[in-house]
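Engineer: Chain by chain, the residues run as shown.
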Amino acid sequence: MNAAAAIDIDSAALHRAVSTLETLILGKPAQVRLCLACLLARGHLLIEDVPGVGKTTLAHALAHVLGLAWQRVQFTSDLLPADIIGVSVFDRAGQQFHFRQGPIFTQLLLADEVNRASPRTQSALLEAMEERQISADVTTYRLPEPFFVVATQNPHEQLGTFALPESQLDRFLMRVTLGYPDAAHERELLRSGERREMLPQIASALTPEAVIRIQARVRTVYVSDAVLDYAQALIARTRDRTDLKLGLSPRAGQGLIRAAQAWTYLADRNAVLPDDIQAVLAAVVSHRLEYSAEAAARIGRTGSGGDGHAIANELIRAVPVPV
Amino acid sequence: MAKTKPPEGSRRGLFWATGAFGAGVLLNVDRVPSWVPVAALVLVFWRVMAGSRSLRLPGAVIRTLLALLLVAGVMLRFHTLNGLSAGTALLILMGSVKLLETRAQRDQFIVVAAAVFLLVAACLDRQGLVRAPLYLLHAWLCCAALAVIAYVPTASALASSLASSTAQVGLDNRAAMLLAGRSLLFALPLAVMLFVFFPRLPGAFWAIPRSDAALTGLGDSMSPGSIAQLTNSYEVAFRAHFDGPPPPPQELYWRGPVLHEFDGFTWRRTAHSFAHMQPLQYLGTEYRYRIALEPSAQRWWFSLDTATGSPVPKVYFTFDYQLISAEPVTEGTNYALVSYTHTRAMQPLAQLARRYDTGLSGERNPRSRALAVKLRSSAASDDAYVASVLDLFRTGGFEYTLTPPRLGFDSVDDFLFNTRLGFCGHYASAFVLMMRAAGIPARVVTGYLGGEWNPIGHYFVVRQSDAHSWAEVWLDDRGWTRIDPTAVVAPERLRRGILDILPNAVSAPARFVWSQPWLGGLLQRWDALNTAWNDRVIKFNYGDQLRLLQQFGFKSPGARELGWAFGAGLVGWMLWIAWHVGRGAPRSRPDKLARAYTALCKKLGRAGVTRESHQGPLAFAGEVSRHRPDLPADVQHLLLRYAQLRYGRTEGESYLADVRDFEREVSRLALRARASETPRR
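Listed in order, the protein sequences are those of chains A and B.
Going by the numbering used here, the first sequence opens with residue 1, and the numbers climb by one from there.
Going by the numbering used here, the second sequence opens with residue 1, and the numbers climb by one from there.
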């Protein structure tokens, strides 16, 4: 009885969170849901787009609405790992070193413009994302639960960026792009001014405990063999294609299923459909798939990212849904 | 230098491999010197302890030394590495040493392979009915071990373990046993086909000579006391199965070695045949029977006295009506014979043979010989003389016993005039000597008397304890005539087994079995079952294969027909496997639900909305409501229900009913094509 009541309360709160986010981020309902699904699937999120379309606002809104403690780190080329992780300082009174925890010890870390930092700093962050713990001196510190990284980055072509290598991109469950708003929503934006100023006036919809409960429930969303067949067929297709640099990894496959479960949960259903797989496919695989150099040359692409969405859509159209 | 390491074996894989190997050692434990399994046990224990980190595994040097030491041990004991026993011992020891370096998955496979070889070694040695289930169990165990070691989780198993957040990804023991059992069941038809149709070489080619087999049985000589040793043994000599009614008990004389030469103490066979066979006139009933001979390491094939000839060319029918094989009997043998219990000679005895069978070397046993001469002179004929000697045994205070006192140098004199205690050997020996001393040709015949009737299997079991010896004398009007002097002293010996007369003569376990009727009955049942197993399965040979083919309608089958039958069976088996694999493959054929959904999509296609192959049910439902908002709500319901049935949980009793319901509603659904506009897609 209690558990059922808790489920009702949590899902009502979740819906409130979705609608709040949609009022903050105008005209991007699909992206908003993808971002939420990513976090509910215990995945880290990468938001990529040109400057000024609301990446940071989206990240802030997520932290705020989920009711999580959050920290923000602006990545620059001279940022050091210790600036994120923390540093040991000498305590004169106690005559010993103390570890002062860095901004990463939080529930939601906003890593702004993550691709501006040097590779060394990037990899320190990405390691923490995978292990969910920090080793400093001789002690290992667990990161809090839940722990998310929402990173934003500008497309690679921009000046002063260090592109994340494939192995590190793989750590992000999803990459979401926002794109320019349509005319009506842009007018609304122009009229109402800075969205970020609205944040303090909005009550957070969820609590960290509720997020953990929902995460656990997401894992119980049923995945039938038919859906697994479909997911496997999609993954196998990426490995068969000769025009791609790399096929999808098993980790990507696991992420695809987890993300689809979360998406299904957000839609208030209890079993994953092929439609759910399709809905999250582009966000989950676009940063992991790239045309090979020859294929990119042949079809006149730069071969430097940004083609992931096109490839994902080709995949969806090429693989029949099992009946 | 970093070397690429082979995949690490799991701990459960190691335990299973060790278990399979240990069971293989157990199967062979009584066939190797006892230090071998003990050494194996120590090494296995070492490995298991090292697995739990309380002991360290030895390094390469120690392992090599250990292996050399153990090989030397085997060499010392057997003086060879060839042969079944030495080979098995070596396999056990080397497999145990291999365990000490078993880390990778590949090593575990090798250990299981050693276990399978141990099973094969056990099969080569013994094929009894009791052991068959043990062998089967061990094969099962080995397969399950292979399953555990080789298991690689499938994608869906990984995903479900991910979803249920259970840490263990592997085959649990139950699943491994089930998988192995199923695989063995699939292999069973192939095994049966190989058994029935694969051409067998005449004579079992796997019969490896057993050097260390200490078998009991009649030898080629008889001295006082030698047969008494045999009667202690409860082991089976052979089984006899009569086609018709069996002869009466007093005629159940099973003929074995015939002894001609006497040195005063021991009777021996003659080294060479000095006479040709007397042609016989067969009288009375003809007995047709089959004999299943147990291995004896001797060359004697036993027959009911007197057989009419040899059953197979390699067995020689001697002039004294004995069957002698060219090779020692090292494995169970079946043969069919025809015998008559009454015969008459058709020619007089040749001079040479007469001289030979009346010969007495030297001056041994003078008192007996003097007595013989005296008795013969007072007897009117040979017949009367025989009767008077038998009379001497009957009335002279002789007693039948299996524990007679030791006899002196002149054994017959000692027996006749001093001890007067003895059993068949003593009486036959003394009787033949008395005959020869009186100039009547005589010889000692050894063999078996009687046998235990098995009422379940309808055959006689003749044991070593039924060993017997009797005399044959040449009487001019009848030819060779069987005289059993023992029968005069202990007449009941003819009708009953030795156990009934002298229960204390045999070993305690045999006596116990004999004293418990229910146990005896049980053992008889078991013996009948065992005999059927031996006859039908173990001794199934090329001839039986051809006979089976004849029953299938082949006119004159040979190896080629066997090959055809085997090929046909093989193809059938593979088709069966293919069918089964195909049936088990997920979604290789559309099921009920898929057919109904296809039908629904077709109806909607006719109504103007075609489903693209990459569209899921939700996307299609959206498509339908966009293009045909006028369609009844039933359509949307049906599409959503399909999604639930196909992708939702399928456990639950109502699932099949729901699918049928869905099917019905789809077939009932009637859609009108849009009148106003041409179909869009």
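Treat the hints as calculated values from the structure; they're not laboratory data.
From a predicted model like this one, the values you see are computed outputs, not experimental measurements.
Do not rely on the hints blindly, as some may be mistaken.
[Claimed, not checked] Not everything, but these chain A residues come out facing chain B in the computed CB check (under 8 Å):
no., residue
1, Glu145
2, Phe147
3, Ser224
4, Ala226
5, Ala271
6, Val272
7, Leu273
8, Pro274
9, Asn313
10, Arg317
11, Pro320
12, Val321
[Said to hold, decoys possible] Pair ranges (Cβ atoms, derived):
no., chain 1, residue 1, chain 2, residue 2, range
13, A, Asn270, B, Arg660, 44 to 52 Å
14, B, Leu124, A, Gln133, 57 to 65 Å
15, B, Leu188, A, Ala310, 50 to 58 Å
16, A, Arg317, B, Lys602, 45 to 53 Å
17, B, Arg182, A, Gln71, 26 to 34 Å
18, A, Arg100, B, Leu55, 54 to 62 Å
By construction, the Cβ of each residue, glycine as well, lies at the ideal position given by its N, Cα and C atoms.
Engineer: Hint by hint, say whether it matches the structure.
Structural biologist: Cross-check of the supplied hints:
1. At a threshold of 8 Å, the smallest CB-CB gap from Glu145 (chain A) to chain B is about 15 Å, leaving the interface hint violated.
2. The closest approach between the C-beta of Phe147 (chain A) and any C-beta of chain B is roughly 18 Å, which is over the 8 Å cut-off, so the hint fails.
3. Given hint, Ser224 (chain A) at the interface with chain B, holds; its Cβ is 5 Å from that chain's nearest Cβ, closer than 8 Å.
4. A hinted interface residue such as Ala226 (chain A) counts as satisfied when its beta carbon comes closer than 8 Å to some beta carbon of chain B; here the least separation is about 6 Å, so the hint holds.
5. Below 8 Å, beta-carbon pairs count as interface contacts, and Ala271 (chain A) has one with chain B at about 4 Å; its hint therefore holds.
6. For Val272 (chain A), the suggested interface contact is upheld, since its CB lies about 6 Å from the closest CB of chain B, less than 8 Å.
7. Here the hint on Leu273 (chain A) is kept, as its CB sits about 5 Å from the closest CB of chain B, short of 8 Å.
8. Residue-level restraint check for Pro274 (chain A) holds (minimum Cβ-Cβ distance to chain B is 4 Å; threshold 8 Å).
9. With a least beta-carbon distance of about 10 Å to chain B, the hint placing Asn313 (chain A) at the interface is violated under the 8 Å criterion.
10. Using the Cβ-Cβ criterion of 8 Å, the hint placing Arg317 (chain A) at the interface with chain B is satisfied: the shortest such distance is roughly 5 Å.
11. Residue-level restraint check for Pro320 (chain A) holds (minimum Cβ-Cβ distance to chain B is 4 Å; threshold 8 Å).
12. Taken as an interface hint, Val321 (chain A) checks out: its beta carbon lies about 5 Å from the nearest beta carbon of chain B, inside 8 Å.
13. For the pair Asn270 (chain A) and Arg660 (chain B), the supplied restraint of 44 to 52 Å is violated, since their beta-carbon distance comes to about 23 Å.
14. Evaluation of the 57 to 65 Å hint for Leu124 (chain B) and Gln133 (chain A) yields a pass: the beta carbon distance comes to about 59 Å.
15. In this structure the hint that Leu188 (chain B) and Ala310 (chain A) lie 50 to 58 Å apart at CB holds, the actual value being about 55 Å.
16. In this structure, Arg317 (chain A) and Lys602 (chain B) break the distance hint of 45 to 53 Å, their C-beta atoms being roughly 21 Å apart.
17. Hint check: Arg182 (chain B) to Gln71 (chain A), Cβ distance near 56 Å, so the stated range 26 to 34 Å is violated.
18. For the pair Arg100 (chain A) and Leu55 (chain B), the beta carbons lie near 46 Å from each other, so the given range of 54 to 62 Å is not met.
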